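Q: So the chains spell out like this:
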Amino acid sequence: MDDRETVMRFVHVSRRFGSKRNPVIALDDIELSVYRGETLGIVGESGSGKSTLARIAVGLDHASDGSVHFEGRVADPAELREHAQMVFQDPGSSLDPLRTVIDSVREPLDAAGTLSPADRGARVAEVVDQVGLGLLGERLPKQLSGGQKQRASIARALGPVPPVIVCDEAVTALDVCVRASVLNLLKDVQRESGTTMLFISHDMSIVRYMSDRVVVMYLGQVMEVVPAERLHEQAGHPYSHVLQSAIPMLQQGTVARSRIMVHGDRPSVTATGQGCRFASRCPLATERCRAEVPLLRRVDDEHWVACHYGPVDYDRTLAAALEVAAS
Amino acid sequence: MTRYVLTRLLILPGTLLVVSFLSFGIVNASPGSVAASLADPNDPASIPRIEHELGLDRPFLVQYVDWLGSALRGDLGSSFINQRAVSAEFASRIGITLEIAVVAVLFALVVGVGLAMLAARYRGTRLDKTIMAATTLGVSIPSFMVATLLVLFFSLYVPSYPIISFTPVSEGLLENLRSVLIPSFAMSLPAAATFCRYVRAASEDILRESDYVRTAKAKGAGRTRILLSHVLPNAVVPLATVAGLQFGYLIGGSVLIETIFALPGVGSRLMQAITERDFPVVQAGVLLLALVFVLVTLLVDLLYPLLDPRIRVLRSAA
Amino acid sequence: MTAVDAVRGLRSRAVGALARSLQVLRSDRGLLVGVVLFVAIVLLALLGPLVVRTDPFQTSAEVLLGPSWDHLLGTDSVGRDLLARVIGGLRYSLQVVILATAGTALIGISLGLLAGYLGGRTDWIAMRVTDVLLAIPSLMVAIAAIASFGAGLRVLVLVLVVTFVSLALRVARAAAMQLRERDYVLSARLSKVGTARILWIHVFPNSRATLLVQTTLTAALVLLIETSLSFLGLGAQSPAPSLGGMIADGRTWMEVSPHVILVPTAVVIALISSITAIGNGLDRVLARQTAR
Numbered sequence: 002m003d004d005r006e007t008v009m010r011f012v013h014v015s016r017r018f019g020s021k022r023n024p025v026i027a028l029d030d031i032e033l034s035v036y037r038g039e040t041l042g043i044v045g046e047s048g049s050g051k052s053t054l055a056r057i058a059v060g061l062d063h064a065s066d067g068s069v070h071f072e073g074r075v076a077d078p079a080e081l082r083e084h085a086q087m088v089f090q091d092p093g094s095s096l097d098p099l100r101t102v103i104d105s106v107r108e109p110l111d112a113a114g115t116l117s118p119a120d121r122g123a124r125v126a127e128v129v130d131q132v133g134l135g136l137l138g139e140r141l142p143k144q145l146s147g148g149q150k151q152r153a154s155i156a157r158a159l160g161p162v163p164p165v166i167v168c169d170e171a172v173t174a175l176d177v178c179v180r181a182s183v184l185n186l187l188k189d190v191q192r193e194s195g196t197t198m199l200f201i202s203h204d205m206s207i208v209r210y211m212s213d214r215v216v217v218m219y220l221g222q223v224m225e226v227v228p229a230e231r232l233h234e235q236a237g238h239p240y241s242h243v244l245q246s247a248i249p250m251l252q253q254g255t256v257a258r259s260r261i262m263v264h265g266d267r268p269s270v271t272a273t274g275q276g277c278r279f280a281s282r283c284p285l286a287t288e289r290c291r292a293e294v295p296l297l298r299r300v301d302d303e304h305w306v307a308c309h310y311g312p313v314d315y316d317r318t319l320a321a322a323l324e325v326a327a328s
Numbered sequence: 087m088t089r090y091v092l093t094r095l096l097i098l099p100g101t102l103l104v105v106s107f108l109s110f111g112i113v114n115a116s117p118g119s120v121a122a123s124l125a126d127p128n129d130p131a132s133i134p135r136i137e138h139e140l141g142l143d144r145p146f147l148v149q150y151v152d153w154l155g156s157a158l159r160g161d162l163g164s165s166f167i168n169q170r171a172v173s174a175e176f177a178s179r180i181g182i183t184l185e186i187a188v189v190a191v192l193f194a195l196v197v198g199v200g201l202a203m204l205a206a207r208y209r210g211t212r213l214d215k216t217i218m219a220a221t222t223l224g225v226s227i228p229s230f231m232v233a234t235l236l237v238l239f240f241s242l243y244v245p246s247y248p249i250i251s252f253t254p255v256s257e258g259l260l261e262n263l264r265s266v267l268i269p270s271f272a273m274s275l276p277a278a279a280t281f282c283r284y285v286r287a288a289s290e291d292i293l294r295e296s297d298y299v300r301t302a303k304a305k306g307a308g309r310t311r312i313l314l315s316h317v318l319p320n321a322v323v324p325l326a327t328v329a330g331l332q333f334g335y336l337i338g339g340s341v342l343i344e345t346i347f348a349l350p351g352v353g354s355r356l357m358q359a360i361t362e363r364d365f366p367v368v369q370a371g372v373l374l375l376a377l378v379f380v381l382v383t384l385l386v387d388l389l390y391p392l393l394d395p396r397i398r399v400l401r402s403a404a
Numbered sequence: 375m376t377a378v379d380a381v382r383g384l385r386s387r388a389v390g391a392l393a394r395s396l397q398v399l400r401s402d403r404g405l406l407v408g409v410v411l412f413v414a415i416v417l418l419a420l421l422g423p424l425v426v427r428t429d430p431f432q433t434s435a436e437v438l439l440g441p442s443w444d445h446l447l448g449t450d451s452v453g454r455d456l457l458a459r460v461i462g463g464l465r466y467s468l469q470v471v472i473l474a475t476a477g478t479a480l481i482g483i484s485l486g487l488l489a490g491y492l493g494g495r496t497d498w499i500a501m502r503v504t505d506v507l508l509a510i511p512s513l514m515v516a517i518a519a520i521a522s523f524g525a526g527l528r529v530l531v532l533v534l535v536v537t538f539v540s541l542a543l544r545v546a547r548a549a550a551m552q553l554r555e556r557d558y559v560l561s562a563r564l565s566k567v568g569t570a571r572i573l574w575i576h577v578f579p580n581s582r583a584t585l586l587v588q589t590t591l592t593a594a595l596v597l598l599i600e601t602s603l604s605f606l607g608l609g610a611q612s613p614a615p616s617l618g619g620m621i622a623d624g625r626t627w628m629e630v631s632p633h634v635i636l637v638p639t640a641v642v643i644a645l646i647s648s649i650t651a652i653g654n655g656l657d658r659v660l661a662r663q664t665a666r
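Residue numbers (this note's numbering), protein chains in the order written: chain A, 2 to 328; chain B, 87 to 404; chain C, 375 to 666.
These are computed hints drawn from the structure, not numbers from a lab. In this text the structure is predicted, and so the values were computed from the model without any measurement. Among these hints, one or two may not hold up.
[Stated by the list, open to error] Here are some chain C residues the structure puts well away from chain B; computed CB gaps all over 12 Å:
hint: 1; residue: 432
hint: 2; residue: 468
hint: 3; residue: 614
[Unchecked claim] If you only want the chain B side, here are some residues facing chain C, beta carbon under 7 Å, derived:
hint: 4; residue: 105
hint: 5; residue: 112
hint: 6; residue: 220
hint: 7; residue: 223
hint: 8; residue: 225
hint: 9; residue: 230
hint: 10; residue: 339
hint: 11; residue: 342
hint: 12; residue: 358
hint: 13; residue: 360
hint: 14; residue: 361
hint: 15; residue: 372
hint: 16; residue: 373
[Stated by the list, open to error] In silico EDC-like pairs for lysine to aspartate or glutamate, Cα to Cα no more than 20 Å straight-line:
hint: 17; chain 1: C; residue 1: 566; chain 2: A; residue 2: 104
hint: 18; chain 1: B; residue 1: 215; chain 2: B; residue 2: 290
hint: 19; chain 1: C; residue 1: 566; chain 2: A; residue 2: 62
hint: 20; chain 1: B; residue 1: 305; chain 2: B; residue 2: 295
hint: 21; chain 1: C; residue 1: 566; chain 2: A; residue 2: 77
hint: 22; chain 1: C; residue 1: 566; chain 2: A; residue 2: 111
hint: 23; chain 1: B; residue 1: 215; chain 2: C; residue 2: 402
hint: 24; chain 1: B; residue 1: 303; chain 2: B; residue 2: 290
hint: 25; chain 1: C; residue 1: 566; chain 2: A; residue 2: 80
hint: 26; chain 1: C; residue 1: 566; chain 2: A; residue 2: 83
Think of the CB as a built atom: it goes at the ideal place given N, C-alpha and C, for glycine as much as any other residue.
Isolated chain A (complex conformation) (with noise of 0.2 Å):
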């Protein structure tokens, strides 16, 4: 991709699960490089594969084919937890119930042992404070309040100060007033820091804010890379219109949008290489997206669409919608 430092590349990566004869294709030859810095995100719906990446962009799983690349090396899953923390997505389990928020966050700092136990110490009330923590740390997960608890799991991802963090689904399981502050707390932390974030979620409002640059998934695919601040207006994917168009209609820009509702079949995800992901839904999908896999296209700066019409509008898109629905 462009010249952009690129701290982090996946290569052709895939990842089945279950048996050969009827694998589960969560993510189906994905290129993507994160650049230094940057957060992006990575947004789609359940079964999209984004979680899957997640994790093996951490190191907590292992491509079953491709390659990551951490600068500009090829990286295993044991080099890639190096460098790389998690912020989890359900707060009542991601911390362990039996530990004090100091604990939970000295934890990754204890095991890399690189500090003395003393600026270790200092290095944990400094980030605790850091999540506005101040005055908790003594507490125990119980103690705590859903949002709170996601402070401290981010407190403990921020401790060794690690390269790559990835929020998959971090603010998910908060209460909506709840998630401005954690969102705007990753915000400012990213920024101090010059961390490269990785922000995964479901709620595209969510990824536009947060994100630099979006990437757009569907059942194991990428479907569009885009600049946020370009998303609204020149998304080109009919799947991020559908995505975009779902957001209530406060949140959107000045441009109210309609609704595009989609029909057809989710095809299973043990379905394999016929054509585009997304075809038995798309309402614009032809025979030919049926049966060959559209690529992703650089089609501007720093924007790639995996169409075979693309790059399309949402007038179109919508347009489209609106015949399949009438007939």
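Position chains B and C relative to chain A; hints supplied.
A: Same frame as chain A, now just chains B and C:
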């Protein structure tokens, strides 16, 4: 599904092999030998000769492999002590052991499930708590104690009842069942207590979480009907596995009951053989009991999907 | 933090734990009864010899007497004081149960947690080994082993451990399998915390409750087998007192003097059911806590 069955069947002979090897090892590792008891006490020099005749002076592995070879051909050897063929002896005895265990399990199921339903029907009342306390007690009393107490009770208060007498089936099925009644009862109490606790706990889960139950109650169905028509079938199915396990434990514990009630089963013969160091009998006996246990658990595991309609549906959808 | 602060911290944590335990005890009647009964029995066994100065081996001419002021529980068929023998038998049984249960728990839990957490080949091996061990009719093999190697404490404890370790292993394995996908465990793995430390810091403490319940139930089963073996003469050897042995001895005389059998019977039932009640009570308490 077929793969699962096949795997279990393949592991079976391996398990039995290891079991037979272990028991062979344990029995043969003892310092004394049966030759000492067979020999004429006035002629201690004859002991080595007897040992040689019985093949006891050969290396351990040779003895084991030799035994294994014969066993696979159906020949389990003869008792050192009374020279009779082991297989014949056990063939006549296994029926009794199995009969007692089966009657005990059936009795335990009836009593256990019945009491559990009663406790569930009157949830939270004193009756419920009393039944549960009784089950705690039931699980805590060794079966030999129940047996001994029963013998004591009968001898003191019903001396005319022949509690220690056994009538084989050949002399009348009814008489046979009657003579087996008390021993089976003695064995069944811990099992009944276990079943009762299990079904009661399962009922509790179902009553609390089942939408069906809530709907039925809202429509005015009586508690007893709900219990019998919905809770009972669902709570009982997983009981099959527990019942199979209990059956296995009962088989293993048969030695005590058979000894106390002087019943001619596998357990009592085995006990005798162990103390007499009668290797062929011990080997065959342990192996036989292990085989019964493994087969019963396998059977239960195979039957379970058939019993549980949910699993059947899942299988056909896959 | 000074040493004084450290000690104060420890003490307040201990007091907190004690207060919580008492609260738990008060919440469940069955648990309370079990604990009280068990503690009473243990005290009897521990302090008994200091209070009851009678020698359990001392035979006399006063055979088969009922309870009296001289002999609070009466005497057996050779004139030995039943109370002293009961205390002696209790001490033996408690010794066996503590050793066997500790051994079973130590080996079974550590191997089970390891197998459940690691999965794969380790788990497969553990499952096959326990399959075999569970298939062995344990009472039989116990009898065979004791008949072969003698009825010493070591043989008995070893046999009991081998018998029950499979069950403990499987329960621990199930607990570990449930916990290994928890996010905090994943986070620890991500941070490169070693397997042993993960098991010790995260998996074991979070499965403590289940394992505790399982261990108490193991203790009850151990006692059941021990009394059965003693009944068959394979436990403590005469003239040393054992509860099961006393029952076997009493069988001959039970029609004439039932108390010779009833006394040890009652003691055994009390001991085992107190442990079972504790196990069931803990189970209920645990269920209530997870439901919250």
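Q: Determine for every hint whether it applies to the structure shown.
A: Here is how each hint holds up against the structure:
1. For residue 432(C), the requirement that its beta carbon stay farther than 12 Å from each beta carbon of chain B is met, with the minimum near 26 Å.
2. At roughly 16 Å from the closest C-beta of chain B, the C-beta of residue 468(C) stays outside 12 Å, upholding its exclusion from the interface.
3. Here residue 614(C) stays apart from chain B, with its beta-carbon at least about 20 Å from theirs, past the 12 Å limit.
4. With its C-beta approaching chain C no nearer than about 5 Å, residue 105(B) sits inside the 7 Å limit, and its interface hint holds.
5. Here the hint on residue 112(B) is kept, as its CB sits about 5 Å from the closest CB of chain C, short of 7 Å.
6. Annotation: residue 220(B) was flagged as interfacial toward chain C, and the flag is violated, the nearest CB pair being 10 Å apart, outside 7 Å.
7. Given hint, residue 223(B) at the interface with chain C, holds; its Cβ is 5 Å from that chain's nearest Cβ, closer than 7 Å.
8. A hinted interface residue such as residue 225(B) counts as satisfied when its beta carbon comes closer than 7 Å to some beta carbon of chain C; here the least separation is about 6 Å, so the hint holds.
9. Given hint, residue 230(B) at the interface with chain C, holds; its Cβ is 5 Å from that chain's nearest Cβ, closer than 7 Å.
10. The criterion of a C-beta within 7 Å of any C-beta in chain C is met by residue 339(B), whose closest approach is roughly 6 Å, and the hint holds.
11. The beta carbon of residue 342(B) comes within 6 Å of a beta carbon in chain C, closer than 7 Å, and the hint placing it at the interface holds.
12. Among the interface hints, the one on residue 358(B) is violated; its C-beta lies about 11 Å from the nearest C-beta in chain C, farther than the 7 Å criterion.
13. At its closest, the beta carbon of residue 360(B) sits 5 Å from a beta carbon of chain C; the interface hint therefore holds under the 7 Å criterion.
14. For residue 361(B), the shortest C-beta to C-beta distance to chain C is roughly 6 Å, which falls under 7 Å, so the interface hint holds.
15. Of the supplied interface hints, the one on residue 372(B) holds, with its beta-carbon coming within about 5 Å of a beta-carbon of chain C, less than 7 Å.
16. The interface hint given for residue 373(B) is violated, since its Cβ lies 10 Å from the closest Cβ of chain C, which is over the 7 Å cut-off.
17. Note on residue 566(C) and residue 104(A): the hinted pairing holds, with a Cα-Cα distance of about 16 Å set against a maximum of 20 Å.
18. Simply put, residue 215(B) and residue 290(B) have alpha-carbon atoms about 14 Å apart, close enough for the 20 Å limit, and the pair holds.
19. About 14 Å separates the Cα atoms of residue 566(C) and residue 62(A), which keeps this hinted pair within 20 Å; it holds.
20. Distance hint between residue 305(B) and residue 295(B) is fulfilled; the C-alpha atoms sit about 17 Å from each other, no more than 20 Å.
21. Using a Cα cut-off of 20 Å, the hinted pair residue 566(C) and residue 77(A) holds, with the two alpha carbons roughly 14 Å apart.
22. Restraint check: the Cα-Cα separation between residue 566(C) and residue 111(A) comes to about 10 Å, which is no more than 20 Å; the hinted pair holds.
23. With a C-alpha separation of about 12 Å, the suggested pairing of residue 215(B) with residue 402(C) holds against the 20 Å cut-off.
24. A threshold of 20 Å between alpha carbons decides the hint, and for residue 303(B) with residue 290(B) the separation of about 15 Å falls inside it, so the pair holds.
25. Between residue 566(C) and residue 80(A) the CA atoms are separated by roughly 10 Å; this keeps the pair inside 20 Å, and the hint holds.
26. The suggested pairing of residue 566(C) with residue 83(A) holds, with an alpha-carbon distance near 8 Å, which does not exceed 20 Å.
Checked against the numbered hints above, the structure breaks hints 6, 12 and 16 and satisfies the rest.
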